[in-house]
Amino acid sequence: MAERERRRTPPYGGVFVARSEILDTAAVRRAIRRMAHEIVEANEGLMDTVLVGLQTGGVPFAEAIAEALMEIEGVEVPVGKLDVAFYRDDINLRPVLPEAVTEMNIDIARKIVVLVDDVLFTGRTVRAALDAIVDQGRPRSVQLAVMVDRGHRELPIRPDYIGKNVPTKRSEAVNATVSSVELGEIQR
Amino acid sequence: MKQLISTADLTVADVDDLMRLADSFAEVQTRDVPKVPALRGRTVVLAFFEDSTRTRTSFDLAARRLSADVLNFSVASSATKKGESLRDTVETINAMGIDAVVVRHRSSGAPVQISRWTDAAVINAGDGWHQHPTQALLDYYTIRQRIGGLDGAKVAICGDINHSRVARSNVDLFTKLGAEVTLVGPKTLMPPQTSDWPVTVSHSIDDVVAEVDVMYLLRIQTERLSSGLFPTVREYRSRWGLTLQRASALRPEALIMHPGPMNRGVEIDAEVVDDSRCVVLNQVAAGIPIRMAVLYQVLGPGRFEDTAGDQVGVSTDAVVEQGGQAEPTNGAKPLSVDATEVNLEADSQSAIKEASCQ
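One line per chain: the protein sequences are U and Y, in this order.
Reminder that position 173 of the first sequence reads as 174 in my numbering, one-by-one numbering, no gaps.
Reminder that position 323 of the second sequence reads as 432 in my numbering, one-by-one numbering, no gaps.
Hint data in this document are derived by calculation from the structure and do not stem from the laboratory.
Certain hints may be false.
Claimed, not checked - Derived coverage of chain U by chain Y (criterion: at least 3 residues anywhere in the stretch with Cβ under 8 Å from a Cβ of chain Y; other residues may be distant):
id : region
1  : 77–87
2  : 135–148
To be verified - The calculated lysine to any residue pairs, modelled on SDA-like cross-linking and capped at a C-alpha distance of 25 Å, are:
id : chain 1 : residue 1 : chain 2 : residue 2
3  : Y       : Lys144    : U       : Gln137
4  : Y       : Lys144    : U       : Ser142
5  : Y       : Lys144    : U       : Ile73
6  : Y       : Lys285    : Y       : Val121
7  : Y       : Lys144    : U       : Val143
8  : Y       : Lys263    : Y       : Val393
As the structure is a prediction and not an experimental result, all values here were calculated from the model.
Idealized CB from N, CA, C, for every residue including glycine.
Let's have the full structure, built from the sequences with the hints guiding it.
In structure tokens, the structure reads:
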């Protein structure tokens with residue numbers, strides 16, 4: 002779902018209803034390819050670069066970017082899967098449950114870690130992810146790649162690689178998958 | 110799930126949530142820093158009115174790995190020794206402003222009673238012959254890891270059923286999850302009435318050993334000898350113990366389980382413990398992620414149980430506001446600190462403080 006930030010989809014009630022498609026499959030693929038090129042360019046290659054997808058929305062994008070990097074540079078970039086539930090700042094405010102088990106079978110010490118998520122909204126998930134990352138080791142740097150930046154940041158967090166900037170209303174919701182990006186609402 | 114008194118109170122969905130949480134916490138265990146900040150600022154009291162090493166250390170470690178503050182309150186150093194009533198003890202702990210109490214008590218029903226005296230989440234860590242729900246959950250977690258689940262599985266629970274809280278909580282949980290449970294043991298160690306239990310009863314371990322998926326052995330307490338419930342330890346072993354010979358009749362993929370501590374050579378032969386089908390140490394290891402899951406559930410998502418549907422459905426800003434108001438503070442506890450001082454002698458209060466180690 003678009004924002005795990007304040008998830009209002011089942012089991013907590015509400016379903017996502019799409020109003021318009023912003024990117025189709027081909028457009029998403031082109032955006033992922035461009036982001037992969039930008040990652041190579043910004044880091045002058047892929048030495049010591051690892052991708053970390055945030056469970057669960059960011060994982061397919063991390064894998065798609067890794068695939069694109071393989072095509073571009075011929076380098077296999079390790080992909081980790083990180084769940085940030087236990088690092089969230091809203092555990093006392095709503096029922097926070099992990100989405101999936103963390104799988105970080107990679108050593109991130111002295112690596113360039115590129116966090117990958119589907120939708121960047123308030124920035125709170127990314128803040129939690131930064132805490133979770135430093136518990137796993139001390140990376141050389143951490144960068145952020147998101148498929149959709151929908152605005153409404155509540156923390157000083159800025160993405161390094163953006164698939165698509167989508168201006169939204171706060172009440173709207175964005176559903177980003179590797180096959181499409183849709184704008185719509187959560188209806189209860 | 111706001112508290113955990115009995116496995117009978119859990120729905121299948123609750124159990125699934127706990128298992129998924131335990132999977133996540135099991136991963137946390139494998140990290141260099143096996144700790145997450147999920148319950149930072151929460152205080153968990155371990156109130157063990159009965160001796161326990163493994164359950165208490167397991168809860169202690171689980172709470173610390175969630176970054177909760179832990180207050181150990183053991184009977185040896187507590188005011189109970191000085192004649193304080195359970196209620197006064199609980200209200201005293203409560204007045205200190207805590208979020209969860211983990212209770213072990215020799216009397217069945219003590220945790221329920223305690224939950225009426227405190228706003229804190231109560232977790233039963235074993236009460237009399239009644240229930241030991243985290244044991245049942247960690248047993249299920251171990252079974253789930255090894256054979257996938259319990260739906261349609263055949264489980265034999267063998268030993269002193271009547272005096273066993275483990276048997277009762279496991280029967281409740283395992284049958285709920287679709288297992289066929291057979292209780293095995295001498296008539297003297299069976300509950301007087303099992304007709305309303307969803308189980309079959311057998312008095313011969315040899316009748317069931319070849320067909321079960323899980324052979325669950327209970328600890329035989331030697332003090333039962335003096336009550337004349339079975340003649341000798343050797344006789345118990347020869348008729349009801351999982352001997353090497355009986356273990357060879359077990360199916361190759363069956364599991365041998367025991368809640369510990371084991372009496373090697375009584376209910377289980379020493380050689381059988383080293384059998385690859387024996388998952389006793391896996392059970393112990395499962396204790397920490399399961400207890401982390403229970404603590405997280407009652408202190409995290411469980412607090413929103415009544416409102417989860419509506420609250421999270423309203424606009425995002427309202428969620429934050431409502432949540433902020435709903436957040437319990439220490440001021441909400443019923444007893445003030447002044448009342449504590451009236452209720453307690455000064456020295457017993459300091460004894461509690463000494464007993465706490467954060």
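Hints and how they fare:
{"no.": "1", "hint": "77–87", "in the structure": "holds (count 3)"}
{"no.": "2", "hint": "135–148", "in the structure": "holds (count 3)"}
{"no.": "3", "hint": "Lys144/Y - Gln137/U", "in the structure": "10 Å, holds"}
{"no.": "4", "hint": "Lys144/Y - Ser142/U", "in the structure": "23 Å, holds"}
{"no.": "5", "hint": "Lys144/Y - Ile73/U", "in the structure": "38 Å, violated"}
{"no.": "6", "hint": "Lys285/Y - Val121/Y", "in the structure": "7 Å, holds"}
{"no.": "7", "hint": "Lys144/Y - Val143/U", "in the structure": "21 Å, holds"}
{"no.": "8", "hint": "Lys263/Y - Val393/Y", "in the structure": "22 Å, holds"}
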